[in-house]
Structure formats: structure tokens, C-alpha cells
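Please build the complex by placing chain C on the supplied structure of chain H, with the hints as guidance.
If you want the building blocks of each chain, they are given just below.
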Amino acid sequence: AQSVAQPEDQVNVAEGNPLTVKCTYSVSGNPYLFWYVQYPNRGLQFLLKYITGDNLVKGSYGFEAEFNKSQTSFHLKKPSALVSDSALYFCAVRDDNQGGKLIFGQGTELSVKP
Amino acid sequence: KAGVTQTPRYLIKTRGQQVTLSCSPISGHRSVSWYQQTPGQGLQFLFEYFSETQRNKGNFPGRFSGRQFSNSRSEMNVSTLELGDSALYLCASSWDASTYNEQFFGPGTRLTVL
Numbered sequence: 001a002q003s004v005a006q007p008e009d010q011v012n013v014a015e016g017n018p019l020t021v022k023c024t025y026s027v028s029g030n031p032y033l034f035w036y037v038q039y040p041n042r043g044l045q046f047l048l049k050y051i052t053g054d055n056l057v058k059g060s061y062g063f064e065a066e067f068n069k070s071q072t073s074f075h076l077k078k079p080s081a082l083v084s085d086s087a088l089y090f091c092a093v094r095d096d097n098q099g100g101k102l103i104f105g106q107g108t109e110l111s112v113k114p
Numbered sequence: 115k116a117g118v119t120q121t122p123r124y125l126i127k128t129r130g131q132q133v134t135l136s137c138s139p140i141s142g143h144r145s146v147s148w149y150q151q152t153p154g155q156g157l158q159f160l161f162e163y164f165s166e167t168q169r170n171k172g173n174f175p176g177r178f179s180g181r182q183f184s185n186s187r188s189e190m191n192v193s194t195l196e197l198g199d200s201a202l203y204l205c206a207s208s209w210d211a212s213t214y215n216e217q218f219f220g221p222g223t224r225l226t227v228l
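From first to last, the protein sequence lines stand for chains H and C. Quick note: the first sequence, position 72, residue 72 per the numbering used here, numbers continuous. So the number in the numbering used here is just where the residue sits in the second sequence, counting from 1, plus 114.
Excised from the complex, chain C in its bound form:
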């Protein structure tokens, strides 16, 4: 089975722009979560989607949004980019939204905001 794929892998944007990141989960997985990784804050949970519904949301401003499609693919959007949004954005998928199941991570999208 193919793993979690994320596109693009690298992205450079300027302040004020918006960006959309894409994630394709492992085939058959219906739950997708997003995390932001920075040297200062570490790994922080952004949101979780299951069956096209947002089940959980982290403590991020409304500029960060996401969605999930009927084929379980997910996108996240960041509007009005700030320098502090520079980070590695990781997508993770799991079979369902159960507490017991491990998540499988993609390679990430490295976003740089200039």
C-alpha cells in the first residue's frame, strides 16, 4: 500500500498570501489529522477529520482551516500568511477516529513565509 502523500513538498510564500496544502491518506483510511511542527513549539495538533466532518480542532487562529472530501483526501488552507506560519505541516491518517489506532504520517510540506 502506498503511504500518506502530501503535496507540495516545499512551498515559499510571502506574508499576506494564502496557501493550500493537500494530503492523500493511505487507501482505506478515513481519518485525517494535521499537525504543525516548528523548532520552538514542537508538534501541535491543528485539526482532525473523519467522514468529511471536523471532529476536533486545535488552538490555532481562524486563518487555519481544512476540509475533507468524500474520497478521504484532505486539504488545509492558511490565509493571510504570517512569518510565524513557517513550519513543517504534517498530515496523518488512520483507519478510523478511534482512540486506539496509531496514525501514519506523510513526509510533510515545508512552508516558508518570507
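Next comes chain H alone, as it looks inside the complex:
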């Protein structure tokens, strides 16, 4: 069965420092991986996706993610965090057999302090 794990409920970072939000996955077929961000009282906003190709994927707002097949990970990164990056981040996965269905991790609350 497909699954996604975000091992940290919360990540605290100082503004200007690099940030990493961790994600590991399990699928039976080829993984298709996504990161979304959710601000309070809002829906989810798409940040980036990995389908195939380069393991380093660049997305919106300066975020990037690194796909590591051997470690089944897809960690979200940003070189320099902003206070405005504070939000709830979700990793999600699909495999070949599930159409559009996304399986989400539990979410990681990112807090960036000035």
C-alpha cells in the first residue's frame, strides 16, 4: 500500500537559515511526488513535483526538493527561510495504478522566527 511519512510534526528555523522538511514514501510502482503548502484557513497550494528526470526539482517561492530513490525520500528545502514561509507543509505521493488519487503525509508545521 502507498504511504507517506513526515517524521517531524514541527520544524523551527531562524530567518535567513536554510530549511529542510523531511518526507519518505512507500509505493508499489513508480512514485510521483508532490509538495503542497497550506496557510491558515486556506486550501493547499502546489509547490513542486517530481515525475521523472533530475533528482533536484525546483518549485515556487524558492523551494526545491531532492528525490532519492534508494532512501525513498523527497525532502523539501530552501536555502534561506523567510518569516512568510511559516505554514503547514504536506508531502504527497501517487503511483501508476491510482490515477489522480493523492496520499498525503500528516503535515509538518514550519515556523520561521525573525
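Because the hints were derived from the structure by calculation, they are not lab data. All C-beta atoms in this analysis are idealised placements derived from N, C-alpha and C, irrespective of residue type, glycine included. Worth double-checking, as some hints may not be accurate.
Taking lysine-lysine pairs in the BS3-like style, the calculated list, with each CA pair at most 27 Å apart, reads [unchecked claim]:
1. Lys171(C) <-> Lys127(C)
2. Lys58(H) <-> Lys171(C)
3. Lys49(H) <-> Lys171(C)
4. Lys113(H) <-> Lys69(H)
5. Lys58(H) <-> Lys69(H)
6. Lys49(H) <-> Lys115(C)
Output of the computed footprint for chain C on chain H, the stretches with three or more beta carbons under 8 Å from beta carbons of chain C [claimed, not checked]:
7. 13-19
8. 32-38
9. 44-57
Relative to the frame of chain H, chain C by itself:
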């Protein structure tokens, strides 16, 4: 382009009642998916529709149902409401039901069951 719209944004119902939520996808998008978000269970997939056909269904009881119209607009219905149905219901649309395409989410309908 206008984003995904969901109506109503907030809803209060009592146990035993039924409710219908509406979703209008981004213009040109033909696939609509529904998710339930709760603090305890996180984001869970409800169902996916493409060209008026349900393509995929999550692990929810039969009280949860949906449909899609010829203009791609979608509704979901929950009958015989239970307290545990209180949640944020998110609708997401994508160009098609391809595994590769990201989904774009609406702001959600906050359902409270008393």
C-alpha cells in the same frame, strides 16, 4: 483564470441531517477530486471524477457520495451526518486524470456537525 471555487465556505448542520457541497474547477479542467481534512486523520482522499465518471474512491462509508456534471462542476453529498464528519472538505481540480498532473485546490468548505 479563476481558481477552484467551493460553496458554501462554512456550514453548520446537526446530526442526522444531510449536506451537499459544491465545487467549480478551474476552467478547462476535467478532473475533480475531493479530500477530507481533520486534525486527527489529516488529509484523506474521498473520490475522483473525470468526465462525469467516478474513477477512484477512498475508504469512506456509503453515506459519502458525489457526482460530476457535464460542465465538470462537482458536488459531494453526505447523508445522515455524524459528529465525526466535522471537517474541512477540499476540492481539487486538474487538467485530466493523469498521474503526472498536479491538482489545484479550492479554499475548502468547513463543515461543523452539532
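Hint by hint, here is what the structure shows:
For the hint linking Lys171(C) to Lys127(C), the alpha-carbon distance of about 25 Å falls within 27 Å, and the restraint holds. The straight-line distance between the Cα atoms of Lys58(H) and Lys171(C) is roughly 31 Å, outside the 27 Å bound, and the hint therefore fails. Of the pairs offered as hints, the one joining Lys49(H) and Lys171(C) holds, with about 23 Å between alpha carbons and a cut-off of 27 Å not exceeded. A hinted pair counts as satisfied when its Cα atoms are at most 27 Å apart, and Lys113(H) with Lys69(H) does not qualify at roughly 33 Å.
The suggested pairing of Lys58(H) with Lys69(H) holds, with an alpha-carbon distance near 17 Å, which does not exceed 27 Å. Between the alpha carbons of Lys49(H) and Lys115(C) the distance comes to roughly 22 Å, so the proposed pair stays at or under 27 Å and holds. Only when three residues or more bring their CB closer than 8 Å to a CB of chain C does the claim for the stretch 13-19 of chain H stand; here the count is 0, and the claim is violated. Evaluation of the coverage hint for the stretch 32-38 of chain H: fulfilled, as 3 residues show C-beta separations to chain C shorter than 8 Å, against a requirement of three.
Check result for the stretch 44-57 of chain H against chain C: holds, 5 residues qualifying (beta carbon to beta carbon below 8 Å, three or more required).
The structure shown violates the earlier hints numbered 2, 4, 7.
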